[in-house]
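Asker: Spelled out, the chains give:
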Amino acid sequence: MPFNFTVSPDFGPDHVSGWFYFNTWLQRQLGVDIHLELYDGFEQQRADIRAGKVDLIYANPYDASMLVRELGFQAVARPAARRDEAVIAVPADSAASCVEDLVPGMRLATTADPDVHTIGMIMLESADLDKTNIEQREYESYVLIAKALIRGEADAGFFLKQSYDELSELIRGRLRSLVSSQIGVVHHALLVGPRLAGRAGDLADLLMTMQDDPKGGYVLESMDIRGWERMSVEQTEFMIDLIDTLVD
Amino acid sequence: MSQHASREVLIRYMDGRERTAIVREDEVPYPDGKLIVSRTDPNGIITHANQAFVDMSGYRRDELIGANHNILRHPDMPAAAFQGLWETIQNGAKWQGYVKNLCKDGRYYWVKATVIPNIRQGRLVGYTSVRRKPSRSRIREAEALYAGMMKEGRHAV
Ligand SMILES: Cc1cc2nc3c(=O)[nH]c(=O)nc-3n(C[C@H](O)[C@H](O)[C@H](O)COP(=O)(O)O)c2cc1C
Chain A
1 MPFNFTVSPD FGPDHVSGWF YFNTWLQRQL GVDIHLELYD GFEQQRADIR AGKVDLIYAN
61 PYDASMLVRE LGFQAVARPA ARRDEAVIAV PADSAASCVE DLVPGMRLAT TADPDVHTIG
121 MIMLESADLD KTNIEQREYE SYVLIAKALI RGEADAGFFL KQSYDELSEL IRGRLRSLVS
181 SQIGVVHHAL LVGPRLAGRA GDLADLLMTM QDDPKGGYVL ESMDIRGWER MSVEQTEFMI
241 DLIDTLVD
Chain B
1 MSQHASREVL IRYMDGRERT AIVREDEVPY PDGKLIVSRT DPNGIITHAN QAFVDMSGYR
61 RDELIGANHN ILRHPDMPAA AFQGLWETIQ NGAKWQGYVK NLCKDGRYYW VKATVIPNIR
121 QGRLVGYTSV RRKPSRSRIR EAEALYAGMM KEGRHAV
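One line per chain: the protein sequences are A and B, in this order. First residue of the first sequence? That's 1 in our numbering, and the numbers climb one at a time after it. First residue of the second sequence? That's 1 in our numbering, and the numbers climb one at a time after it.
Hints may contain errors.
To be verified - Taking lysine-lysine and the DSS-like style, the derived pairs with C-alpha atoms no more than 30 Å apart in a straight line are:
(1) K131/A / K100/B
(2) K161/A / K94/B
(3) K94/B / K131/A
Stated by the list, open to error - Which chain A residues stay away from chain B? Per the calculated CB distances, all over 12 Å, these:
(4) A47
(5) R176
(6) D205
If you are wondering where the hints come from, they were derived from the structure by calculation, not from laboratory data. Backbone N, C-alpha and C define an ideal beta-carbon position, used for all residues, glycine too.
Construct the entire structure; sequences and hints are all you get.
Answerer: Here it is as C-alpha cells:
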C-alpha cells in the first residue's frame, strides 16, 4: 500500500506542480510509493488526517498541534528562512493609520488559513475588536482580499505576509499595511505519521542536502523553498506550546 | 533617561524576600506586531527569553536567564493576581490576564499574558508565557481592579 502525502491547503497556487515534483523526487530517493493528495479546504483534509489516511504532511503550524500531540506525528524539517507572519492592510485611502483606528462594525476580509487568521485576530485585540463586534467574510485567496479592499467591499484584510509582499505593485500600491507581525518562531513543517516513522531519519538526512542535488535544487525552486532546516522534537514542542497560547 | 519623577519602592515577594526598586511613571509602549515570549522551569526560574522580552525589560539576556520571573514584578501588581496565576497553571490549566511589568530602569509596560504548562511525555517541564499588546480600555480596567485589590490587601494585613 502506498504512503499518503498531503500539503496544507494554504500553499501558494503557483506552486502546485512543485509539490508533485517533490513527491516524485521523494519516491525515487526513499524508494517507496507515495501518493500525493491535495485538498481545496482544511475541513476535508482534517477529516482524512483523523481517519488515518495521511502519512506525510507539509502542515501549517496550527494543525501541527493536533498532528503531534494527538496523532503521534513528528516534525522532520521546516522550510529555511520562512516564517508565517500576518499583515493587516487597509485601502490606501483609509482613514485608519494604526490598528487602534479600526472601529466596531468594520468589515474584515480573511481566509480559511488558520495561522494567519489567528495572528490577525490577536493583532486586532488592541483595538478592542473580536469576532463579536466585526463583520467577517472569508475569501478564497489573498488576491481576492486585495480586490475586495480596493473595491471598498472591506475595511481591513488579513494577509500572509509573504503573499502580501508578492502582490503586484499595482495592487499593493492601492493598499496600506497597518501592522505586520514579527513573531519569528511560527512556521510550516514537514511531519511524518506513525506508519512512516521508521524513515524519518532518512528523510531528514535527504532534505538537508536536497539543494545540493541538481534535481533536488530544481524541485525546491519550483516549490519556492530555499532549502530545509532540521527540526528537533523540542523545537516542535516549543512552537506548539506557543500556538496553544494563541488559540482559545 | 526619562524626565518623569521616580520613587524608590520596597517590593515584597511571596517567599518573604524583598528588594528596593526604582519606579517611574513612564510607560514603554508595547511594540506593534510582536509577541514577548519567555519560559521558566517549574519553579518560575527563567530558562528562555526572546528578543522582544530582552528589549522591553531592559535587562540583558544573561541577566534574565536563571533569574526568578518576579524580577519583572511591579509594585502596583497585587500579590493575589499572581497567586491566581500559579494556582491555575499548577492545576495544568491556561492562565490569561493583564500584567503591569517593571523594566530594569523603573519604567513599566502593560501586556496581555497567557501562561501555559509545558508537558513532555506526561511530565511538567516548565511554563511558557506569551504576551500580546493589550487595548487601552482593558489596561484602564486592570488598573482599577488592581488598585482596588491593593487597598483590600492592605486592610487584610
Ligand atoms: C512563565 C511565567 C511567566 C511569568 N511572567 C511574569 C511577568 O512577566 N511579570 C511578573 O511580574 N510575573 C510573572 N510571573 C509570575 C512570577 O513568577 C511571580 O509570581 C510574580 O512576579 C510575583 O512575585 P512573587 O510571587 O515572587 O511574589 C510569571 C510566571 C511564570 C510561570
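Asker: Does the structure break any of the earlier hints, and which numbers would those be?
Answerer: Violated hints: none at all, because every hint is consistent with the structure.
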